[in-house]
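**Q** For this one, chain Z is given, so just place chain W on it according to the hints.
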Amino acid sequence: MARVKFLCDADRCIECNACVTACKNEHEVPWGINRRRVVTINDGKPGERSVSMACMHCTDAPCAAVCPVSCFYTTADGVVLHSKDLCIGCGYCFYACPFGAPQYPKVGNFGSRGKMDKCTYCAGGPEADSTPAEYAKYGANRLAEGKLPICAEMCSTKSLLAGDGAIIAEIYKERVMKRGYGSGMWGWKTAYSDSPTG
Amino acid sequence: MPGSISILRFAAFKSLFAAFALLFVLTHPAAAQISFKPTAEAVQEDKLLNALKEGDKISGRVSIPDGNAANLIQPAGRDWRDFQRSKLPWIGGIAILGMLVLLAIFLMVRGRIRVQQGFSGRTILRFNSFERFVHWLTASCFIVLALSGLNVSFGRTLILPLFGPDAFAAMSAWAKLAHNYLAFPFMLGVLIMFLIWIKNNIPGKLDLEWIKQGGGLLSNGKHPPARRFNAGQKGIFWIVIIGGALMSVSGWFLLFPYLPGNVTALQFWTVIHAIIAMLFIAAMLAHIYIGSIGMEGAFDAMGSGEVDVNWAREHHALWVEEQQGKANAPADRVRAVPAE
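These protein sequence lines map, in sequence, to chains Z and W.
Each residue of the first sequence is one higher than the last, beginning at 1038 in this note's numbering.
Each residue of the second sequence is one higher than the last, beginning at 145 in this note's numbering.
So here's chain Z without its partners, still in its complex pose (with noise of 0.2 Å):
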C-alpha cells in the first residue's frame, strides 16, 4: 500500500483558513481544539508564506515514542493514529511532538488534560470503521470511504496536497521546476528525515 503523506506548497496558500474549518466541520472537533492550522510566517513583510500545518503522521513518530501508555500505532498506510480508550492525557506526546498537533480539551479539574485528540489524515481511530462510535471519539473515516483528506481535497488552491508521498512529492516538484521556485516541503525533513522514501 502506499506510503501517505501531507504537503503544503507555501507558495499556493492564501491564508483562507479553508482547510481548518472544513476539518472542524467534517470531524465536529470540540471548541477550542483544532487539528489542523495555518501559520504565517514573517506576517506583514516583504515574502510572507503561509503553512497549513497538521499532524505530519511522521515515520518512526515522537509521539509514540514517548507514549508511557503506548496508545498509537501506524496503520498500513502510514497513519499515525492513537486509541482514546487508552490514552491517559499525560501531555507527553504534545512535548515530543515537532508540529504541535496533539491538542487536548480542558476538562475537568487541574492537570485533568482530557483524552488527546489530533488529525486522523480522516482515517477514524481503532474502533470498527465509519460506525458511530468510531465518529464520537475521532471524526469521519473517509479513508475507509476511499476518499482523501477533507482539507487536502477542498483546498481551493490545490496548496494543500494529501496522498501516497511520492505522488505528491513529484507533483510538488514539476511546480516548482516550472514555476522556478519553491519555499520547501514545509516538515518532511522533520518528519519523514528517518526514512525519505518511506
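Treat the hints loosely; a few may be bogus.
Okay, the calculated bits of chain W under chain Z, using three or more residues with CB under 8 Å as the criterion [unchecked claim]:
id	stretch
1	186-197
2	307-319
3	375-382
4	407-414
Here are some chain Z residues the structure puts well away from chain W; computed CB gaps all over 10 Å [said to hold, decoys possible]:
id	residue
5	S1120
6	G1183
7	M1222
Read the hints as simulated data drawn from the structure, not as lab findings.
Computed from a predicted structure; not experimentally measured.
For each residue, glycine too, the CB sits at the ideal point set by N, CA and C.
**A** Showing chain W alone in chain Z's frame:
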C-alpha cells in the same frame, strides 16, 4: 456600431492605464524591475531550519485564538523524546538500582547496626505526634507519587507486557490522578517539615566532625556526638526540602501547562522533574533502609515516637543531655555515660 465603440473605449482605457502605469513606474522605481521574482525574499524552510538555535522553533502568526498553535515546527521535540526514551531510563536505572545494590552491599558488610548497650527499657520522646503525622503524611504521599511517576517512565516497558494494554492504561490513568492530587498534601508536608525542623538542621561544626568520622557507620561502636539531628539526617532533611521544592515547582508547571511559558519551557521542566525524581527516590531508599532494617531501634522514632534511651545516647548524645537537662532530671542522668 456597438463593437467599434467598445473597442474605442477599450483603447481609451488602455492609454489611460498605460499613463497610470508610467506614472507608477516613475514614482516607484523599484517596480520598474523587468523580472519581478515573487520568491526573491520568500521564507525558505531549509534556511529557517538551519538558522534555528538549540531548542528554538519556527513560529509565525495564526488567526485562531490559540496562540500556541503559532509554533509551526519545533525540532527540539526530538531531543526531548531522546531524553525520555534513551537517557532517562539510564539515569533512573543507575540511580535506583545502584542505590539498592549499595544498600545490599552495606547490609552484607556492616550488618544491622545494633544498639551496643542493648535496650535499656526506658524511652525518651523523639518525635511528637504532630511531627510523626507530618512525616507519614509526606512519606505516604511520596511513595504513591514515586510509584506512579516511575510507572510513567518504566511502566510501558516493565508492566504493560504483564497487564495488557487495557488494564495497564486504566491503572495508569488512576496513577496519574493520584499523582496529580497527592502532590498537594506532599507539598504541604514538605513545607511543614521545613518549618518545624529547620531550627535543628542548620549545619554546624559538629557536622564536620561527624562527616570526618564517616558518621560511625563503618566503625563498630564509634558514634560521633550529635544534637537532635546528625549530619546524615541533616543531609536527608535538605535533600527533602530542596528536592521537594524543585519537584513542587516543576510539578506545578506540569499541572498547569503554559504557566512557565510555551512548549520549550514545559520540556525543560519535565526534564528537571524527571531527573530530580530519580535522584530523590534513590536518596529516600537509603533513608528508608537506615530507618528500618538498617539500624536497630531507629524505627521507633517515627513509629511510637519513643526511642530507647540507650539508642538515643549512642546516636544523639548531646540531644539526650539537652532533653534531660530541660526535664530537670536527676544529676546522675544529666551526666549520663556518653556513647563514646
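**Q** Would you list, in rising numerical order, the hints stated earlier that this structure does not obey?
**A** Going through the list in order, the structure violates hints 3, 5, 7 and respects the others.
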